[in-house]
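Colleague: Join these two chains into a complex; the hints should help.
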Amino acid sequence: MVAVDSVLLSGLVLLPLGLGGVLMVILLHYQKLVGKFLKLQREDKHLREETQKEAEKLLEKAQKEALETVEEAHRRARKVVRESEIAVTKMEELLRRELEKVLTVQTKNYYQMLEKIEREVAQGFEKAGEKTQVGILEEIEDFRKVMEQQTIKSQEAASEKIDGEFAQVREEIKAYRAKMLGKVDQSIFEILQEVSQEVLGKALSVKEHEELVIKALYEAKRRKIF
Amino acid sequence: MRQNDERYSEILSQIRTKEDADLLLGEIDNLLVSLYRVKGSMFEEVLREKVRVGVAQVITGAVPKSIPGKEEFLRGLKECLGELKPLKLTLAFEPTSQTVEKIFSWVCQNLDENIVLEIDTDQSILAGAIVTFEGAYEDLSLRSVFEEKFGGERGEAS
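Which chain is which? The protein sequence lines are A and B, in order.
The opening position of the first sequence corresponds to residue 1 in the working numbering, with each subsequent residue numbered one higher.
The opening position of the second sequence corresponds to residue 1 in the working numbering, with each subsequent residue numbered one higher.
With the rest of the complex left out, here is chain B (with noise of 0.2 Å):
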């Protein structure tokens, strides 16, 4: 459950991944660089040649006119995608965009954090996940349900 500055609220609700999170922190960086340079028109140049369409089209409409406005609402961006909260999952197989779609949709739905996701794979871990988070770790994978059954045949026999 994001609930963020409403001025954010339509880019972030297109961040799924921390590297939707990274590709959109390049793109303010670009923005904020191109503010004071000498001419004039190089926001709306960088805008137009280094943003992705749908992110360029969502800044131009909502970001003021004037260049204090435009850099603090840039710099509120950035600090709003320092705050999502990385949730990491360790899956077994290479996720499509849909799998992500619907893990992140898992997750706006049963957790009140901002949340970004982290995946990785590593298929000897055969199926389920390995989930971090805060600090907090738990292998719930298949692997770990097979280490667990033969350490505790293991431990009865000896």
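This is chain A alone, in the form it adopts within the complex (with noise of 0.2 Å):
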């Protein structure tokens, strides 16, 4: 009986020391269960903030690219019209230098020849006769009228047609400059249109999109359209 006593109290001595001793295994379980936890919520809290960053970074980044973009199209728009400009001043100067040498040339050219007969008929003169030498001499005169008058006809023919096709050269040009500086418009414009829309559909969120449509309600609202 007393054998039996002392083992039951043997029994609860041990027992709570055994169950105390598995509690403090658990809570030391437990104690660094929650360390690993607060380090993993450290780590996902840091890497969030680290991807937060670097998204805001490249975000940036792709709005100043599409900026410089946008002004890098600009400068070249201004340099290509800047330099149609000077090529079609050039083009104009050329075309009235080589109708201005025209021009001269033909003039020579009559003089020329009135001088070759003025030449000509003197040396006809000289060989005819005393009798005959007014009459030579008038009809000699009255020639050299209606050469003078035929050349001052032909120059003014002349002229008036190299007018012409001078003014019909420069609409040609002009015509041709619009449609040049047209295709640089337009090339431009789509290269404008597709790094827009690239880079706006990306950096533009749903809610910008909504505010830039209320925006434009607003601006429609103040120029009375509805």
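Note that these hints are calculated values from the structure, not bench results.
Some clues are possibly wrong.
To be verified - Take a look, some chain A residues computed to stay more than 12 Å from chain B by CB distance:
1. Leu-23
2. Ile-152
3. Glu-171
As the list claims (entries may be wrong) - Capping the alpha-carbon separation at 30 Å, the derived lysine-lysine pairs in DSS-like fashion look like this:
4. B/Lys-102 x A/Lys-224
5. B/Lys-78 x A/Lys-207
6. A/Lys-215 x B/Lys-85
7. B/Lys-65 x A/Lys-179
8. B/Lys-18 x A/Lys-207
9. A/Lys-153 x A/Lys-101
10. B/Lys-65 x A/Lys-221
11. B/Lys-149 x A/Lys-224
12. A/Lys-215 x B/Lys-149
13. B/Lys-102 x A/Lys-207
14. B/Lys-149 x A/Lys-174
15. B/Lys-85 x A/Lys-224
16. B/Lys-149 x A/Lys-90
17. B/Lys-149 x A/Lys-207
18. A/Lys-221 x B/Lys-18
All C-beta atoms in this analysis are idealised placements derived from N, C-alpha and C, irrespective of residue type, glycine included.
Modeller: Here it is, written out as structure tokens:
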């Protein structure tokens, strides 16, 4: 009976001790787990912040690049327009000079022809008799007048024709210039549109799109469309 | 700001877009056709089977019991729907129902008209909107800003 009691007694003493030990082990594990959980939480937070910063940097970079592209396109457009202006002015100047050359050469030819005729007639006159000299002189004078008139008429006709052609070429240059400027505009606008579409499509959130739509509605109201 | 017949205010408050209005018109037509069918219960059957639950509940609560009364109610509702003025908006993105709600809320707060939204999309406008209302047209998109800017630059250079 005494032996049983002592066994029971020692059991009663050892059992709480054992349970206490187990509880200690569980507590230690729990503490470790909590520590790990907090560490993971910190790492996760840190990672999120890093990702957010990275995303912001990327967005900022994309916007900056888009702006630079737009500015570059703008600069190029201005340059092309300036260059086309200079080219057109040069072409006009060249054309004017060529036409003046043609006119000068033609006039010179007429006068040379007239002088040649005069010389030939003078030679004939020396050979002719005294009696016919007066008549021949009159005829020469008439002929000279006719030639002079014809020369003037021809000069005028040539000048008119050249002016007409000059005006026509000028119109053609003008049309060509407008066409080329249109092409430059169109290509720049297309590039700009593609770049903007790509960049804005990625950078603008639905919320920002909505805000721009609401702004457009306010503007429409201000312009009294409603 | 919608000021319709009080009887229809609850149904009309559910209409935001032209699609909503067209859908409701179809349902009203179905109900009108059912009124004079031989079977007496046709109206209730159509209301149950061919009309959306929310709309059916409102109509059930508001419609008179007699057939002529019902017809007058439905024709009045059709008339109110026909009076809604379409505000056409071209957007650069496909709007969510929340976006439609925001736009409609702006319309209700800022315009004294019975308006229904008619929205379509065109990505090439980039952002903003093209607004068309009662024959008036305003391109308030980002694309138009670019076009204007380049047109201006060309004008300066020519």
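Colleague: Would you mind marking each hint as holding or not holding in the structure?
Modeller: Okay, the hints, checked on the actual structure:
The Cβ of A/Leu-23 lies farther than 12 Å from every Cβ of chain B, with a closest approach of about 54 Å, so its non-interface assignment holds. The Cβ of A/Ile-152 lies farther than 12 Å from every Cβ of chain B, with a closest approach of about 40 Å, so its non-interface assignment holds. With a minimum CB-CB distance of about 15 Å to chain B, A/Glu-171 clears the 12 Å threshold, and the non-interface call stands. Taking the CA atoms of B/Lys-102 and A/Lys-224, the gap is near 21 Å; set against the 30 Å cutoff, the hint holds.
Distance restraint check for B/Lys-78 and A/Lys-207: the Cα-Cα separation of roughly 35 Å exceeds the 30 Å cut-off, and the hinted pair is therefore not satisfied. For the hint pairing A/Lys-215 with B/Lys-85, the CA-to-CA distance comes to about 21 Å; that is within 30 Å, so the pair holds. At roughly 72 Å between alpha-carbon atoms, B/Lys-65 and A/Lys-179 are farther apart than 30 Å, so this suggested pair is violated. About 23 Å separates the Cα atoms of B/Lys-18 and A/Lys-207, which keeps this hinted pair within 30 Å; it holds.
Between A/Lys-153 and A/Lys-101 the CA atoms are separated by roughly 19 Å; this keeps the pair inside 30 Å, and the hint holds. Among the hinted pairs, B/Lys-65 with A/Lys-221 is inconsistent with the structure: their alpha-carbon atoms are about 44 Å apart, more than 30 Å. The hinted pair formed by B/Lys-149 and A/Lys-224 meets the criterion: a straight-line CA distance of about 23 Å does not exceed 30 Å. For the suggested pair A/Lys-215 and B/Lys-149, the alpha carbons sit about 19 Å apart, so the restraint of at most 30 Å is met.
Of the supplied pair hints, the one linking B/Lys-102 and A/Lys-207 holds, its CA atoms being roughly 10 Å apart against a limit of 30 Å. Between B/Lys-149 and A/Lys-174 the CA atoms are separated by roughly 23 Å; this keeps the pair inside 30 Å, and the hint holds. Of the supplied pair hints, the one linking B/Lys-85 and A/Lys-224 holds, its CA atoms being roughly 16 Å apart against a limit of 30 Å. Restraint check for B/Lys-149 and A/Lys-90: the C-alpha separation of about 28 Å stays at or below 30 Å, so the hint holds.
Only pairs whose Cα atoms come within 30 Å are accepted, and B/Lys-149 paired with A/Lys-207 is accepted, the gap being roughly 26 Å. For the suggested pair A/Lys-221 and B/Lys-18, the alpha carbons sit about 21 Å apart, so the restraint of at most 30 Å is met.
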